[in-house]
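S.K.: Chains V, P, H and F, in that order, give the protein sequences. So in the working numbering, spot 251 of the first sequence is number 231, and the numbers just go up one at a time. To convert, take the position in the second sequence, counting from 1, and add 7; that gives the working numbering. To convert, take the position in the third sequence, counting from 1, and add 969; that gives the working numbering. To convert, take the position in the fourth sequence, counting from 1, and add 70; that gives the working numbering.
Treat the hints loosely; a few may be bogus.
Incomplete in silico selection of chain H near chain F, CB under 10 Å [to be verified]:
#	residue
1	1429
2	1430
3	1433
4	1435
Note that these hints are calculated values from the structure, not bench results. None of the values given here were measured: they were computed from a predicted structure. Positions of the beta carbon are idealized from the N, C-alpha and C atoms, including for glycine.
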Amino acid sequence: MEYSYYPGCSLKSSSKDYAESVKQVSDKLGITLIELSNWACCGASVSHIPEESLSLALPALTIAEADKYSRDIVASCAACFNRLKSTHLLLGKYPEKKIETEKLIGKNLSVKINVKHFLEVLFEEVKDWDSIIIKKLKGLKVACYYGCLLTRPNDMIKDGKSEDPRMMDNLMEKLGAASIDWPFKTECCGTSFGLSKPEVVLKLSGRILRSAKKSGAECIVVACPLCHSNLDLRQSQIEKYNNLKFDLPVFYFPELAALALGIDYRNLLLDKHIVDPMPLLRRKDLI
Amino acid sequence: MDNNNQQTWEPKIYAFLCNWCSYEGADLAGGGRRIYPANVRIIRVPCSGRIDPVFILKSFERGADGVLVSGCHPGDCHYTEGNYFARRKFVLVKKLLEYVGIEPERFQARWISASEAIKFVETVKEMTENIRKLGPNTKLVKNIKEEITCQ
Amino acid sequence: MRIGVFICHCGTNISGVVDVVKLAESISHYPGVVISKENKYMCSDPGQNLIKSAVKEYNLDRIVVASCTPKLHENTFRACLEDLGLNPYMLEIANIREQCSWVHSDNPELATKKAEDLIKMAIARVRFAKELTCSKVTIERRALVIGGGVAGIQSALDIANAGYHVTLVERTPSIGGRMAQLDKTFPTLDCSACILTPKMVEANRHHLIKILTYSEVEEVSGFVGSFEVTIRMKSRSVEMKKCTGCGMCQSKCPVKVDSEFDEGLSKRRAIYMPFPQAVPNIPVIDRANCRYFLEKKCGVCKKVCPSDAIDYDQEDTILKEKFGSITIATGFDLFDHSAYGEYGYGKLKNVITSIQYERLVNSSGPTGGHIIRPSDGKEAKKVAFISCVGSRDNKMGKPYCSKVCCMYTAKHALLLKEHVPDAEAYIFYIDIRAAGKNYEEFVYRVQENYRVKYIRGRVSKIFEEGDNLIVRGFDTLSGESIEMEFDLVVLAVGVIPRKDSDSFARMLNISLDANHFVGELHPKLAPVEKNTPGIFLSGSCQYPRDIPESVAMAGAAAVKSLSLFAKEFLTSEPMISEVNTSICTGCLNCKNICPYRAINEEEIKDLDGKIRIVAKVNETICRGCGTCVASCPSQCINLKGVSNEQILAAIEAL
Amino acid sequence: MIRNGISQTLALEIEKRTKINVFGCYQCGKCSAGCVFSYLMDTPPHLLMRLIQLDMREKALSSNTFWGCGACVTCSFRCPREIDVLRVINTVRSIAIEERVLSRNNSLKDVPIFNEIFMNNIIGNEHVNEFLLGANFNLKSLKFFKDISLLPVLYKKDKLTARKKASTRNIKKIVEGLKGNNGI
């Protein structure tokens, strides 16, 4: 199936590895992601934007752009997905907000197309994983980390249990990995406080890493570039701050899917990860 | 009432009110001495479910400029569910009136409880004003000259 | 037809705005009106005497009184007509006070015009008035009580002690209900079983009470004074007459399933008594789990039974009986906390419900009264009690306060301190609602003497870390975040209506309130009555009730039954529907929409001898809403007292 | 001290902008309990709601609740009264920015600086240039060497380059349009 693809800013800079794995997996599975040519930043988080009309206008620009093609929008960044989808929902719910936003961006909005996260797309497109998996991720203990924005407010991804989402866990189990049950699946990692008040990230992400480690995870799987940079890029800072040692590689979920689908790991830009995942993958005989 | 004289014309509104909620709401408006236009003529029925569409059509035929029907709120019906049947009927009545060319605003269905005197007063005020703007009802009106005779 | 019109000044209430004298004058010329008079106070004795003498003098047969709302004096004037030997329904009231003079005091001219219109409409209506009479109905002086908890038991006892027969129907194998599951009762800390068991025994021994356990009401028809009720007595597979209650069968049964009575904290057998003090003291076989019924093997209970009471072939018994009144005492269910994702979707082992805690703390419970945690059997030393789980929560669709949780939670914390003196108890609450007698004092005792820590703030998340639970809360009084480790968390789950309350209500044809509790006739003045006459409410089926309230309601409901039984006969409502069978086509549209199921089909013989089906109104069930009248396509059904002719005449009067 | 009764100006302003009725809040504290950022705030979310209910405008607008908020939506998501707390917090921030009310507590003074740089960044580029974002922030917040240790890694891992500047200027247009309306 064809989708309008909204990569988001991070996938163009700090998270090229995520972008690459999304591309590899969708190519392999025949999912056509057509990047919107004229997309704008979604605003990343409502807390950055001085006012609501602007926080709605930014995603609306992209929604209006996607309206042209009447294909569902796919985002792979959880924050982008959240901004696009909750804007979409809010504009559908409050017609006067829709009119206001249309005026502001100078374009009409149909709010008919859907907004999906790449995780949902993988789930909907592939029904039978067993027949296409080349290498099962046997024995890999993963902690699926959804972050706060993938499931909130109510069921952003169609997963039923927003406090204990299962979609990524189910995907990992289909790929042959063992997903562990842990309580910090949807806790916030500290978002963009990494720049403005880094202690926040060191504290909050530290708790997430600690809980994952305690629950017996060997690595963490994420669906958001910001979660990734907080847990991966800042892991050494976090270790220092908390005086703990984690050594937990952080994967994007399509990276693990790619490995299971038999895509060569050298195509995956895994070397961009800060916590080196190679020793773990080698230990598990996955590369 | 002489409907043809525009100078003295006052809208004539029939109100069919259920005995348990809306009629008591109207009584409560009286108890509170809440002034409203003297254009409404109330007909007491046991339940909004009792209101036959024929009553509404008959009212228009007899020169009513507006018809208000009101019963207990859904779920509060004294007779458990009479007002649900009423609601379904009124939707059809509204369509029928539109079909025969009567402005749908002339027919209003409301849920007014025994404690909602203010809602009753506001409804009557609003309806009187709206109908005043619409002018006299001329559709369906029969020119019945003969008075009811007595044995 | 000779109509008299009597217009009331109501002091100056009416005459201060409406020109009453002029009105009486102009009305007197109205066709059919023989006499038109006004008086200062029509409802007073002189006013009524005026009417009486006018009726006699002018030989009037119908009367219109233009005065205040009919809600006030309709009955006064009806009685006045009755005194004169006229039928009381030959009367119409024109409401020219509440709906005219009081609300149009700004424009006396228009008010007078409107008053005239209202009187004209009343005259038109009274012209079509017919004489109406009530019929008498006999009363079946036996009561049915549905539900064998403390409310049902008390109702049954109160009615039986007054000398009437009562049938008490209970769904589970024993009476006792929720109260039997409780350990102590607040605020007196009486042992719940100790005060309930004597009542259960008393009911069981009462010669006027028939207890049907393991039975359910399946169908109810009829009406006040004679409800026809079908009761299914599920087969116990044990012959009640032979069984001695020795308990041999349940000690030998090889099947173990979760005990409902112990809320899953212990196992019971497939043949079981729910608890040792069960009444009747006779087990049942749970056929869904019994190996004999599932696999046709086993049969151990039959072999070991010393009195040969086991009967695998026993069948359900259907009982049809008539009752004059029905008391609903079906009780409540508890909120299923697996709806709370933030509290672990019901998956965390050491997060238990308040009713489970009652069983834990009970010395005859599954742990012998030791407060130990389900995961590892370790004694709980630090326990969090969380209130308002599934109550005061719009997100969960439970906006109402569950009422009893504040008190039982205080009691739970106290019991923890009594059982484990060195334990720590924390109660997370939003508001403490302790408005019963001695309740507030009890809560203070728990805080002051037992040093239970009350933390004002709703808990946002509970999760496991290792063996223990982490509770994330906030003390809104100090402004401090709280993240504390606990051995055990007890959720004060809210009281909710019985899960099958919707189908139960349909069966009885009664209404439920917005929260699906059984709605009462009037929240202030008739809290134990239903809008269906002859049906009464007791206990938590109406709203969360504690024990004293349930018992009080039970007594009140019993009195309602008794005052019904004390009557010689019932009179039926005169303003009800009637079918003109000569033009009824038998479409039975009316039957389908009647909210009271008062209409049935009837076969009648035409003049030419042909049999056809027509609608027939049951006069005692019909309440006179008139929904059928407005829906009859052939206009053959009419409402006595508010007939189509009367309303159309009123419309045409202007 | 509240002497002359309580008006509702702030609450009504919020209701006008968001259609949220803050008087539904009964201060159960679940929002503050679930908020992982509440320790940063001088006024946790439930208390901010209270200040709005009491119309304590100055105190609400000068709180740092909205600078400490990470927009993780936990408060709105778990609120038993189904109040979208996050939208209320954001609206209070908007009003504070419009009225140029300064925070009475400067522990989070860098957050508005970051937000401003972020906005300028996307106004200029149509998207976020993360390197420029970080560099500008360090300059403006006078923390020149913050995260400097990460630089070589970021450089080596090619995490610093970004998407080419877009040719359109939609965001700029919108912001200018808004300025015309409200004078931000």
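S.K.: Are the hints correct? Go through all of them and say.
M.R.: A quick look at each hint next to the structure:
1. 1429: holds, 3 Å
2. 1430: Holds, because the Cβ-Cβ distance from residue 1430 of chain H to chain F comes to roughly 6 Å (cut-off 10 Å).
3. 1433: Violated - the Cβ of residue 1433 of chain H stays beyond 10 Å from chain F, reaching only about 17 Å at its closest.
4. 1435: The hint is violated - residue 1435 of chain H has no Cβ within 10 Å of chain F, the shortest such distance being about 21 Å.
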